[in-house]
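Build the full structure now, drawing on both the sequences and the hints.
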Amino acid sequence: MLATARTFTLDGISARPVRVEVDVHRGLPNFTIVGLPDTAVREARERVRAALVNCGFEFPLRRIVVNLAPASLRKAGPGMDLAIAAALLSASGQLEWEGLARVALVGELALDGSTRSVQGALAMAESAREEGAAAILLPAENGPEAALADGIGVVAVDSLERLPALVTGEWDPPRPRPLPLEREAVSTAPDLADLRGQPHLRHALEVAAAGGHSLLMIGPPGAGKSLAASRLPSILAPLAPAEALEVARVASACGRLESALTGGRPFRAPHHTISAAGLIGGGTPPRPGEVTLAHRGVLFLDELCEFRRDALEALRAPLEAGEVSIARAGGQRSLPCRFMLVAAANPCPCGRGDADPDCTCAPYDVQRYQSKLSGALADRIDILAAVRQPSPAEIGGPPGESSAAAQDRVCAARERQERRLGEGRCNAEMTPAEARACPLGAEAAALLADLYARQRLSGRAHDRALRLAQTLADLAQVAEIGEEQMAQALQLRRRDNG
Amino acid sequence: MAEPRACLECLRRSWLLAALGPYVEKVATGEVGSRSPELLRLSNEDLVEVAAPKVAQQLLARVAALPEEKIYEELALAKCWACCCHDELYPTSLRDAADAPWALIGRGSPELLDGLETFEVVTIVGARRATSYGREIARELGRELAAAGMTVVSGLAFGIDGCAHRGAIDAGRTIAVLGCGPDVAYPASHRSLWRRICESGLVISEFPPGARPWRWTFPARNRIMAALGGMTVVVEAATRSGSLITMDLAADLGRDLGAVPGPVTSRASAGPNALLAAGAHVIRDAQDVLDAMLGPGCRKLERSGPSLDSDLEAVLAAVEAGEATCDGVAAAIGISGASAAAALARLELLGYLRCSAVGSYSRTALTGD
Chain H
0 MLATARTFTL
10 DGISARPVRV
20 EVDVHRGLPN
30 FTIVGLPDTA
40 VREARERVRA
50 ALVNCGFEFP
60 LRRIVVNLAP
70 ASLRKAGPGM
80 DLAIAAALLS
90 ASGQLEWEGL
100 ARVALVGELA
110 LDGSTRSVQG
120 ALAMAESARE
130 EGAAAILLPA
140 ENGPEAALAD
150 GIGVVAVDSL
160 ERLPALVTGE
170 WDPPRPRPLP
180 LEREAVSTAP
190 DLADLRGQPH
200 LRHALEVAAA
210 GGHSLLMIGP
220 PGAGKSLAAS
230 RLPSILAPLA
240 PAEALEVARV
250 ASACGRLESA
260 LTGGRPFRAP
270 HHTISAAGLI
280 GGGTPPRPGE
290 VTLAHRGVLF
300 LDELCEFRRD
310 ALEALRAPLE
320 AGEVSIARAG
330 GQRSLPCRFM
340 LVAAANPCPC
350 GRGDADPDCT
360 CAPYDVQRYQ
370 SKLSGALADR
380 IDILAAVRQP
390 SPAEIGGPPG
400 ESSAAAQDRV
410 CAARERQERR
420 LGEGRCNAEM
430 TPAEARACPL
440 GAEAAALLAD
450 LYARQRLSGR
460 AHDRALRLAQ
470 TLADLAQVAE
480 IGEEQMAQAL
490 QLRRRDNG
Chain L
0 MAEPRACLEC
10 LRRSWLLAAL
20 GPYVEKVATG
30 EVGSRSPELL
40 RLSNEDLVEV
50 AAPKVAQQLL
60 ARVAALPEEK
70 IYEELALAKC
80 WACCCHDELY
90 PTSLRDAADA
100 PWALIGRGSP
110 ELLDGLETFE
120 VVTIVGARRA
130 TSYGREIARE
140 LGRELAAAGM
150 TVVSGLAFGI
160 DGCAHRGAID
170 AGRTIAVLGC
180 GPDVAYPASH
190 RSLWRRICES
200 GLVISEFPPG
210 ARPWRWTFPA
220 RNRIMAALGG
230 MTVVVEAATR
240 SGSLITMDLA
250 ADLGRDLGAV
260 PGPVTSRASA
270 GPNALLAAGA
280 HVIRDAQDVL
290 DAMLGPGCRK
300 LERSGPSLDS
310 DLEAVLAAVE
320 AGEATCDGVA
330 AAIGISGASA
340 AAALARLELL
350 GYLRCSAVGS
360 YSRTALTGD
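Residue numbers (numbering that gives the first Met the number 0), protein chains in the order written: chain H, 0 to 497; chain L, 0 to 368.
Hints were generated in silico from the structure; no laboratory data involved. For each residue, glycine too, the CB sits at the ideal point set by N, CA and C. A couple of the hints might just be wrong.
Covered, in the sense of this in silico footprint (three residues per stretch, anywhere, with C-beta under 8 Å from a C-beta of chain H), are these stretches of chain L [to be verified]:
| # | region |
| --- | --- |
| 1 | 50-63 |
| 2 | 124-132 |
| 3 | 290-297 |
| 4 | 316-326 |
Spelled out as structure tokens, the structure:
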């Protein structure tokens, strides 16, 4: 007897459809899985065998061949257990299920037949809808997340034992309640009020958040760079529903949906020893890297100068394109990575800065250290904030303004940008033509022209100053870039040379 | 102007020095009597005998056998020229020194040597490991002295040297004296600066093209710098440093010495402060150098900035008081971060402030009216 079921394997963050064909016929008792399974898939044999027996089914002592089609696609992970078990029950005549080919099944089986959650349930539910499946059966824990996908039935199954009742219609579970995507008022998210004093740093954070500009903070250790960066998500505009779904899809594929949904926008701070593959994604099968995990959020590179050069170089293209494409022998995948880059660095290897007489760094070391600040990645950084050690009076002083107030200003500035540039776009993404079309007051234009002439500014630096000034004008809610905004932009911009 | 010329005898001396590089490295210890300037006073035969007694005759014979065409071909290939002490282009100031190089190999414009008067040349020396204060002063000194028509001599090293050249190359004439062949950009990271000086200034050395630097070639090059300048100014130097050796050499030649004062707590300013205590000229800015060399008031610098309103004055005062960051300025005078940022940007544009690559502000030499 032959039976077919549908399931999915996770590839990057998208789900690839897999057809499970089970053939049970006479011969020496044997159980074989073919079709490029990885070790976790091959071990499904033991889990399925035990689960069937422990749920009161019979494990057929016949020759069983499981084929996973398409045979050329490499299958990974334990999520195919449920589909194999269901197809086996159907093929051995223990379960009369005519509609088996019309539903998708995903889930790992425990030895007692209960289901265990899988990664990427949301992407699988969406993929099942596109494949024309009527419903998707998945573990109970994945139900709420899969229910985020509209237009497909979602059945949360807690055990293999439920299948007969489900097929006969005796058990008709309700659709699980979808996970709440809108961020509730979460008190655990760190608040900007923790940043005391440091008005310029606050201002730089706000401008970066308002225009989506990338930010580099330079200052001695302990001055509050990491603290400031971790507060940045709390002043960013809340995720739009479509954006939240994108974030959920990535988080679901990486099995960290819970933490992603409670913290608002993603905030990723990889350690500086990370490899290029860890940062932009890679491996076989390709796994999303930190840039993808930071999609629609903040990627914070602390100790920028300590990162490996190849890792930083690899960041350039994803930063420009908003997506990262990983080419491996098995094919090419595109993963989304529209993130905001925030970096922090010490002024020199010892961290004190060369103005401090106690700095013990050799000039060559300082030069080599700072060369990473002027490399190709630094070219993509818009704002430079010099951070200083806060004075005791500031540290002991009253807490700063809370995130909520700053977030209101940021949201208002974002709204102005979207009205001008279109849905979901921000000033940092303006093309050179758009940047040069920004309404510029006469005095502001004179200021920029003066700098352009004096410092032999590059065209790129010129446009960067305009983008920053436009964000400052949006924050100030003025229609035209004034002298004040232009002067602030010229101060905030990252310098091309020292 | 006459073409630079060098006689074969003097050129062979340069090639001999290059061949002696590793041998002199072993015998030049820095002790009195075996410092490299003292060794370079010796004749060819004596020098070879001291440095490389075992291979003395072979080395002498090898250099003597160098064909004339090959020497000129090497010079031409490296886009270099040479002038020796028998040529009228050879700077008169170098003739004062007993240990003067026999020949100068140059790359760049030989016109800079034409009619070069000692009182028009300022040598700027200082630590490679300089603070941002020292670098700023060196750059301003270089720029203003070059703008005032002086020729700025330095050694292309990290720190003070590089800044002095950078300041001068934009505004006027500068000469880099190297301890390696003039076609060798050393340190390598100063290659672009070296190239700019080759194009619009002058690079000289007593070593032939392609010669690598040795430890002993730096004191040797210092003696040329000391002899070239009518005044030698040290910007920053620790108490025991090569820059102070240059100052000693300059003092031995009877040149004027200048030192830029610094905080008494700063190790980087210990050298210049000690020299000031010993009676060197106090150099606060380029005007002090001009007054000391040419006589008070003989040449005036033009450098008062546009007038400032009271807000900008307050910000400027905060930076002068030592606040290097925008946050520091905002906290010091109690204004918002945004308005401090705008004020700093304006002051930078007006030329009162400079911003470093890591975003810290420092004061330029521009004064308000």
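Against the structure, the hints come out as follows:
With 0 residues having a Cβ less than 8 Å from any Cβ of chain H, the region 50-63 of chain L misses the three-residue criterion, and the hint is violated. Here the region 124-132 of chain L counts 6 residues with a CB under 8 Å from a CB of chain H, which clears the bar of 3, and the coverage holds. A stretch counts as covered by a chain when three or more of its residues have a beta carbon under 8 Å from one of that chain; for the region 290-297 of chain L and chain H the count is 0, and the coverage is violated. Counting residues of the region 316-326 of chain L whose C-beta sits closer than 8 Å to any C-beta of chain H gives 4, which meets the bar of three, so the coverage hint holds.
The structure is inconsistent with the numbered hints 1 and 3, although it conforms to all the rest.
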